Amino acid sequence: AQKVTQAQTEISVVEKEDVTLDCVYETRDTTYYLFWYKQPPSGELVFLIRRNSFDEQNEISGRYSWNFQKSTSSFNFTITASQVVDSAVYFCALLDSNYQLIWGAGTKLIIKP
Amino acid sequence: ETGVTQTPRHLVMGMTNKKSLKCEQHLGHNAMYWYKQSAKKPLELMFVYSLEERVENNSVPSRFSPECPNSSHLFLHLHTLQPEDSALYLCASSQDLRGQGAEQYFGPGTRLTVT
Numbered sequence: 013a014q015k016v017t018q019a020q021t022e023i024s025v026v027e028k029e030d031v032t033l034d035c036v037y038e039t040r041d042t043t044y045y046l047f048w049y050k051q052p053p054s055g056e057l058v059f060l061i062r063r064n065s066f067d068e069q070n071e072i073s074g075r076y077s078w079n080f081q082k083s084t085s086s087f088n089f090t091i092t093a094s095q096v097v098d099s100a101v102y103f104c105a106l107l108d109s110n111y112q113l114i115w116g117a118g119t120k121l122i123i124k125p
Numbered sequence: 153e154t155g156v157t158q159t160p161r162h163l164v165m166g167m168t169n170k171k172s173l174k175c176e177q178h179l180g181h182n183a184m185y186w187y188k189q190s191a192k193k194p195l196e197l198m199f200v201y202s203l204e205e206r207v208e209n210n211s212v213p214s215r216f217s218p219e220c221p222n223s224s225h226l227f228l229h230l231h232t233l234q235p236e237d238s239a240l241y242l243c244a245s246s247q248d249l250r251g252q253g254a255e256q257y258f259g260p261g262t263r264l265t266v267t
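Taken in order, these protein sequences are the chains called A and B.
Each number in our numbering comes from the position in the first sequence (counting from 1) with 12 added on.
Each number in our numbering comes from the position in the second sequence (counting from 1) with 152 added on.
These are calculated hints, taken from the structure and not from any lab test.
Do not rely on the hints blindly, as some may be mistaken.
Stated by the list, open to error - Residues from chain A that face chain B, not an exhaustive set, calculated with beta carbons under 7 Å: (1) Pro52; (2) Glu56; (3) Phe59; (4) Leu60; (5) Arg62; (6) Leu107; (7) Tyr111; (8) Gln112; (9) Trp115; (10) Ala117.
To be verified - With a Cα cut of at most 30 Å, we get these calculated DSS-like pairs of lysine-lysine: (11) A:Lys124 to A:Lys50; (12) B:Lys171 to B:Lys192; (13) A:Lys50 to B:Lys192; (14) B:Lys188 to B:Lys174; (15) A:Lys15 to A:Lys120; (16) B:Lys170 to A:Lys120; (17) A:Lys120 to A:Lys50; (18) B:Lys170 to B:Lys193; (19) A:Lys124 to A:Lys28; (20) B:Lys174 to A:Lys124; (21) B:Lys171 to B:Lys188; (22) A:Lys50 to B:Lys193; (23) B:Lys171 to A:Lys124; (24) A:Lys15 to B:Lys193; (25) B:Lys192 to A:Lys15; (26) A:Lys50 to A:Lys15; (27) B:Lys188 to A:Lys120; (28) B:Lys193 to B:Lys174; (29) A:Lys82 to A:Lys120; (30) A:Lys82 to B:Lys170; (31) A:Lys15 to B:Lys170; (32) A:Lys50 to B:Lys174; (33) B:Lys192 to B:Lys174; (34) A:Lys120 to B:Lys193; (35) B:Lys193 to A:Lys82; (36) B:Lys192 to A:Lys28; (37) B:Lys192 to A:Lys120; (38) A:Lys50 to A:Lys28.
Since we're looking at a predicted model, the values are computed, not measured.
Glycine included, each C-beta is placed from N, C-alpha and C at the ideal position.
Same shape as in the complex, but just chain A (with noise of 0.2 Å):
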């Protein structure tokens, strides 16, 4: 069966720390795509990666960075000197040979100045 778990339900920081937001996944596919989302208190979602399954290469945008590790079947989302501006829910999905997105609960993450 597919499942995402993001078995961390809320993550407080102070400003300024890095942090991390972890994300298993299970499926039995070979081929399949993992997902970010932010979720600020606005309520739209906004995408942040895709990333593929043959694809393990780290990825790093600004202060944003993934970790994808299939051994662990982990995809880790870690933010670098937070700011308040990252306030938000953020998601880890998973889409394998389905065309249904599998969401996990999400993470509510709160930067505290």
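Could you slot chain B onto chain A? The hints should help.
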């Protein structure tokens, strides 16, 4: 406008009303989706349209009726709703259902309250 737009942003309706939610995507995508997001529950996929054909209906009650007149527009017609239908309704679109273009882009959502 760019991206995915949804109207109205907020809607309050009685249980006997009929209303419609509108979604429009300006991205040239081929697939569109309706999701329901309730407090403390995972995002629930309701309907999927690909090239204007419905490809998925996730056991959604018949009081929700989708319509996709073309690849840019998606509607959700609502009638005789229940208070538990109060939620944030999100529309999304993607280039393709699978593969490299499968990332979904979301609209701002419609906050629906059923009284």
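Taking only the CA atoms, is the gap from Lys82 of chain A to Lys120 of chain A under or equal to 30 Å? holds (25 Å)
Measure nothing beyond the straight line between the CA atoms of Lys15 of chain A and Lys193 of chain B; if it is 30 Å or shorter, mark the hint as holding. Cα-Cα ~15 Å, so holds.
Mind checking the alpha carbons of Lys120 of chain A and Lys193 of chain B for me, to see if they're no more than 30 Å apart? holds (13 Å)
Taking 30 Å as the top limit, are the C-alpha atoms of Lys193 of chain B and Lys174 of chain B close enough? holds (23 Å)
Run the distance test for Lys15 of chain A versus Lys120 of chain A: straight-line Cα separation, threshold 30 Å. holds (19 Å)
Please verify whether Lys192 of chain B and Lys120 of chain A have alpha carbons no more than 30 Å apart. holds (11 Å)
Distance restraint between Lys188 of chain B and Lys174 of chain B, which requires alpha-carbon spacing of 30 Å or less: holds (14 Å)
Less than 7 Å between beta-carbons is the criterion; does Leu60 of chain A satisfy it with respect to chain B? violated (9 Å)
Would the hint on Trp115 of chain A be counted as holding, given a Cβ-Cβ threshold of 7 Å to chain B? OK, holds: Trp115 of chain A within 7 Å of chain B, min 5 Å.
Return the status of the interface hint for Gln112 of chain A: holds when the least beta-carbon distance to chain B is below 7 Å, violated otherwise. holds (6 Å)
Does Lys193 of chain B lie within 30 Å of Lys50 of chain A when you go C-alpha to C-alpha? holds (16 Å)
If you take the shortest Cβ to Cβ gap from Arg62 of chain A to chain B, is it below 7 Å? holds (5 Å)
Of the numbered hints given earlier, the model fails hints 1, 4, 16, 20, 23, 30, 31; all others are met.
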